[in-house]
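The lines below spell out each chain.
There are 2 protein chains.
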Amino acid sequence: MLKLTKKADYGLMALKYLAEHPETPALSAKDVADAYGIPAQLLAKILQRLTKTGLLRSHAGMNGGYELARDARQISAYEVIHAIDGPFFITSCTKGAKGCDLTPSCTIKEPLARVNDTIAGVLKSISIQDLAEHVQPSGRPREAQGLVALTL
Amino acid sequence: MLKLTKKADYGLMALKYLAEHPETPALSAKDVADAYGIPAQLLAKILQRLTKTGLLRSHAGMNGGYELARDARQISAYEVIHAIDGPFFITSCTKGAKGCDLTPSCTIKEPLARVNDTIAGVLKSISIQDLAEHVQPSGRPREAQGLVALTL
DNA sequence: TGAATCTCGGACAGAAACGGTCGTATACTT
DNA sequence: AAGTATACGACCGTTTCTGTCCGAGATTCA
Ligand code: SF4
Ligand code: SF4
Chain A
1 MLKLTKKADY GLMALKYLAE HPETPALSAK DVADAYGIPA QLLAKILQRL TKTGLLRSHA
61 GMNGGYELAR DARQISAYEV IHAIDGPFFI TSCTKGAKGC DLTPSCTIKE PLARVNDTIA
121 GVLKSISIQD LAEHVQPSGR PREAQGLVAL TL
Chain B
153 MLKLTKKADY GLMALKYLAE HPETPALSAK DVADAYGIPA QLLAKILQRL TKTGLLRSHA
213 GMNGGYELAR DARQISAYEV IHAIDGPFFI TSCTKGAKGC DLTPSCTIKE PLARVNDTIA
273 GVLKSISIQD LAEHVQPSGR PREAQGLVAL TL
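Residue numbers (the working numbering), protein chains in the order written: chain A, 1 to 152; chain B, 153 to 304.
These are computed hints drawn from the structure, not numbers from a lab. Hints may contain errors.
Said to hold, decoys possible - Cut-off 35 Å, straight-line C-alpha distance, at most; resulting in silico cross-link-like pairs (DSBU-like, lysine-lysine): (1) A:Lys7 <-> B:Lys182; (2) A:Lys52 <-> A:Lys6; (3) B:Lys276 <-> B:Lys197; (4) B:Lys155 <-> A:Lys3; (5) A:Lys109 <-> B:Lys182.
All chains, please: the whole structure from these sequences, using the hints.
Structure below.
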């Protein structure tokens with residue numbers, strides 16, 4: 001529950017990897033998969049989907065591969081997750097989906113929808129760049145880099 | 153992914169229901185289950201687990217049932233979720249668990265751990281009471297009731 | 001031209017998590 | 001004693017997740 005899919009996880013890793021190698025023209029799925037221990041074929045399909053949603057640009061053929069379509073600073077974790085795992089809900093009922101059987105009688109779906117938005121906001125405020133800058137966490141609680149409004 | 157379990161969902165509904173009926177000495181699992189359309193047997197087990205973790209007090213026998221162990225204001229959504237679905241991770245690796253195969257080579261687990269904490273913080277800041285006060289959302293974006301620090 | 005490399009896309013299978021049911025034992029009230 | 005309600009574990013069908021396989025198209029290079 002409330003757990004990130006491994007695909008999304010892999011997707012974030014790959015994007016971060018690409019962000020860290022801006023010089024290279026393109027990196028193949030296999031390159032990235034080998035860099036970590038990710039199953040190559042699986043990563044391939046993930047990158048394909050990221051391409052289809054416009055987060056990556058692909059290039060077939062020899063020395064082909066993928067590159068970021070935008071600056072790493074302009075790609076949010078939310079977009080990645082959304083691209084890979086589809087629309088983001090905390091519950092089974094949220095807007096867009098058909099909802100669970102007891103959507104009418106349920107009295108907490110509305111407050112939960114706000115929680116959903118809040119969490120989505122957190123994810124949206126995180127960019128690939130943020131992941132790439134692995135500031136050595138020297139234990140010191142740094143300045144908060146952002147504040148997320150929690151309306152409920 | 154990142155979706156609340158239905159069990160947790162039911163648990164929150166039940167807790168909220170109990171919070172809304174502070175006068176009654178105890179409400180049986182069946183009462184709550186009927187109030188919404190929740191499968192009674194399933195809700196029963198959920199409430200049992202909440203009892204075992206100390207969020208509820210149970211009372212067997214006729215006219216028995218459950219009651220909140222603490223004030224609704226003192227019970228966070230996080231506790232409920234944690235009690236029902238176990239420890240809260242966003243990823244498969246987080247502290248406590250054995251982690252996934254590529255925990256060593258993974259470079260994003262540390263930033264993700266912070267995201268994890270952030271979201272957990274959001275959940276912790278929400279009490280059952282907050283759910284019960286279903287302030288008619290008149291569209292007007294009320295004052296933010298809290299801010300969550302987003303450190304990465 | 002043709003071989004090598006790489007993306008694309010769907011099908012598919014094994015594994016795990018989820019949602020829900022059942023049966024039985026136990027505790028409390030009247 | 002009878003009735004009501006919690007307690008607990010086993011079980012099972014469904015869905016979701018993870019990962020693999022395979023065939024088809026694109027591009028580069030010799
Ligand atoms: S309707 Fe209520 S119960 Fe059904 S999914 Fe939405 S929140 Fe959970
Ligand atoms: S280690 Fe990296 S890949 Fe494995 S679960 Fe944690 S974050 Fe995801």
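- Query: Are the Cα positions of Lys109 of chain A and Lys182 of chain B separated by 35 Å at most?
  - Reply: Given pair Lys109 of chain A, Lys182 of chain B holds - Cα atoms ~21 Å apart, limit 35 Å.
- Message: Hint check: Lys155 of chain B vs Lys3 of chain A, CA-CA at most 35 Å. Holds or violated?
- Response: Holds. Lys155 of chain B to Lys3 of chain A sits at ~7 Å (cutoff 35 Å).
- Query: Holds or violated: Lys52 of chain A with Lys6 of chain A, Cα cutoff 35 Å?
  - Reply: 19 Å, holds
- Query: Are the Cα positions of Lys276 of chain B and Lys197 of chain B separated by 35 Å at most?
  - Reply: Given that 35 Å is the threshold and the Cα spacing comes to 23 Å, the pair holds.
- Query: Are the Cα atoms of Lys7 of chain A and Lys182 of chain B separated by 35 Å or less?
  - Reply: 40 Å, violated
Against the hints set out earlier in the document, a violation occurs for number 1 only.
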